[in-house]
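Peer 1: The lines below spell out each chain.
2 protein chains.
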Amino acid sequence: MTATIHTLRPRPEPSMAALMALTGQGLTAVNHVIIDRMQSPVALIPELAGHLIAGGGKRLRPMLTLGCAALLDYQGTRHHRLAASVEFIHTATLLHDDVVDASGLRRGQATANRLWGNPASILVGDFLFSRAFELMVEDGSLKVLKILSSASAIIAEGEVAQLTAQRDVETSEDRYLEIISAKTAALFAAACQIAAVVAERDAQAEEALAAYGRNLGIAFQLVDDAIDYVSDAKTMGKDAGDDFRDGKITLPVILAYARGTAETREFWRLAMTGRANGDTELERAGQLLRETAAVADTMARARHYGARAIDALAGFPGGPARAALTETVEFAIHRAY
Amino acid sequence: MTATIHTLRPRPEPSMAALMALTGQGLTAVNHVIIDRMQSPVALIPELAGHLIAGGGKRLRPMLTLGCAALLDYQGTRHHRLAASVEFIHTATLLHDDVVDASGLRRGQATANRLWGNPASILVGDFLFSRAFELMVEDGSLKVLKILSSASAIIAEGEVAQLTAQRDVETSEDRYLEIISAKTAALFAAACQIAAVVAERDAQAEEALAAYGRNLGIAFQLVDDAIDYVSDAKTMGKDAGDDFRDGKITLPVILAYARGTAETREFWRLAMTGRANGDTELERAGQLLRETAAVADTMARARHYGARAIDALAGFPGGPARAALTETVEFAIHRAY
Chain A
715 MTATIHTLRP
725 RPEPSMAALM
735 ALTGQGLTAV
745 NHVIIDRMQS
755 PVALIPELAG
765 HLIAGGGKRL
775 RPMLTLGCAA
785 LLDYQGTRHH
795 RLAASVEFIH
805 TATLLHDDVV
815 DASGLRRGQA
825 TANRLWGNPA
835 SILVGDFLFS
845 RAFELMVEDG
855 SLKVLKILSS
865 ASAIIAEGEV
875 AQLTAQRDVE
885 TSEDRYLEII
895 SAKTAALFAA
905 ACQIAAVVAE
915 RDAQAEEALA
925 AYGRNLGIAF
935 QLVDDAIDYV
945 SDAKTMGKDA
955 GDDFRDGKIT
965 LPVILAYARG
975 TAETREFWRL
985 AMTGRANGDT
995 ELERAGQLLR
1005 ETAAVADTMA
1015 RARHYGARAI
1025 DALAGFPGGP
1035 ARAALTETVE
1045 FAIHRAY
Chain B
715 MTATIHTLRP
725 RPEPSMAALM
735 ALTGQGLTAV
745 NHVIIDRMQS
755 PVALIPELAG
765 HLIAGGGKRL
775 RPMLTLGCAA
785 LLDYQGTRHH
795 RLAASVEFIH
805 TATLLHDDVV
815 DASGLRRGQA
825 TANRLWGNPA
835 SILVGDFLFS
845 RAFELMVEDG
855 SLKVLKILSS
865 ASAIIAEGEV
875 AQLTAQRDVE
885 TSEDRYLEII
895 SAKTAALFAA
905 ACQIAAVVAE
915 RDAQAEEALA
925 AYGRNLGIAF
935 QLVDDAIDYV
945 SDAKTMGKDA
955 GDDFRDGKIT
965 LPVILAYARG
975 TAETREFWRL
985 AMTGRANGDT
995 ELERAGQLLR
1005 ETAAVADTMA
1015 RARHYGARAI
1025 DALAGFPGGP
1035 ARAALTETVE
1045 FAIHRAY
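Protein sequences, first through last, are from chains A and B. Quick note on my numbering: the first sequence kicks off at 715 and runs consecutively. Quick note on my numbering: the second sequence kicks off at 715 and runs consecutively.
Isolated chain A (complex conformation) (with noise of 0.2 Å):
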């Protein structure tokens, strides 16, 4: 007899890998889909697209909905189309808001509307987002339809709300939440809750994947913004600050801003204004949210989502597919910052 000895090794943190090996084959399907579906005689069009589709997208919300279809077992091929539209719309969404905040960077690249103009950018996102509904209407669902359009209503809606917020250091956490669940959250829940219309189950299990979606959404939105006031441009592809110097309000500042005093909630004003944000101040706001422990808490919120989105998941059958789609929550809150 030979005897085995087990190496003790530290528990691995969580990754996107499970959900990656789980959903790959299928995200090559997704993916042909989406560089067949992006052409147009107007070669603008593909070039532009791709620089943002082909530009180190994570396919986060394809993975989603295939995951998703996973867990219930589905064996068809029509998310596969649903899930390009899904990233159509995301990609629509991000190149106008590239516009929109006037961003020069976005995952350490150089933006499409940096390189092409705003023209183009918001043109080609209008494009992209009318091909997310020709697939959808291929497909041929009203439910998956109705699911989608309504979530780029409120996603829209979402956009606009937070344009009139900008710079606002008043914004409740109450508002926060509500601006990120629509700018954000939506479309996490529709692109997981299609899957449960493809494969054909009950308003419930829709229900509970768009919760799943949805909190996880949230998670993620939460802890991009506690990693701003901490990370390094290595890990995030953007420096820490960016937020901070963009006088974006994020919830690390609306918690550190809500327990300030007269004069830090100045300070605040004052940054969030553009009329004092440079590093000095910068390292200030770092001090003022260990003191007020806004990242802490706004991690801690982070964690409260996440949770939900784990049972959000209670109902459906235990497996490999679950466990993706409960790690994929994990990754969400531990991602190294």
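Everything hinted at is true.
When the alpha-carbon atoms are kept at most 30 Å apart in a straight line, the in silico DSS-like pairs for lysine-lysine are as follows:
| id | chain 1 | residue 1 | chain 2 | residue 2 |
| --- | --- | --- | --- | --- |
| 1 | A | Lys772 | A | Lys857 |
| 2 | B | Lys772 | B | Lys857 |
| 3 | B | Lys857 | A | Lys860 |
| 4 | A | Lys860 | B | Lys860 |
| 5 | B | Lys860 | A | Lys857 |
What the hints contain is simulated information worked out from the structure, not anything from laboratory work. Computed from a prediction, not measured in an experiment: that's the story for all the values here.
Please arrange chain B on chain A, whose structure you already have, making use of the hints.
Peer 2: For chain B alone, kept in the frame of chain A given last:
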């Protein structure tokens, strides 16, 4: 017996009056849908959308849907919601166009982007576009969804194509016709075609109405192009020569350039790229357009498409609806200029 004296009156100028009378009641219903569905808890959305939607728009596309439905003697109300959807797509396009062209004036009023900024115009455009699809989904016809999602993709494609042809005097007449077929005529065609869908007519009727709309749309655009070189601010809500000053390539310029000498071609090249486009040059442009008969021939082309639009109606029964749709074509061609 009393003798009746008939006074000889000149035939009245063609106008939109017949189409407006025919569709007046329906248009009130469409306007209710429009006002109702542009609402949002985010106040900026109805405020900005209302500025453009209430601001003197002719509702030409919804009227065409209603007029074509009347031609088919359709008695239902589905077309009200769909006509509103078409108007939302059109409005979204205008909002984005004004950002893309950096326009400050539309129909003699300040543009939304001038009043509320580019970001708000982009995002409210996205919202209206999503709402358009929500309205179609509520109607529930996959055929209508296919027609309008395809038209939307074609519009965006045409806009990008126009962007890449910007200020390029070498643009050919064929290419220009392709661009305006996509940018302008596709939505006219779709607005007419969907009337045949709700009235449950066959593919031939659908195609005939689409042809009517497409040819009418091209005629409208070509006459607009001509008017820009001969109108005054009162008739157009914009000054003559706006296209010239903006370096917009339109058919009069394409014809004058194609028929020009090396010297006059150089003149157009300098003018369209904005290097020499003052009042003196505008006057010279007018002279060259007359010498080459470029405006007159643009009008001849417009009449050709107008004739095709009228002929497309040949298979439908005569009566007030067909007369109104015919007069709309005549109005498009003969608008005072």
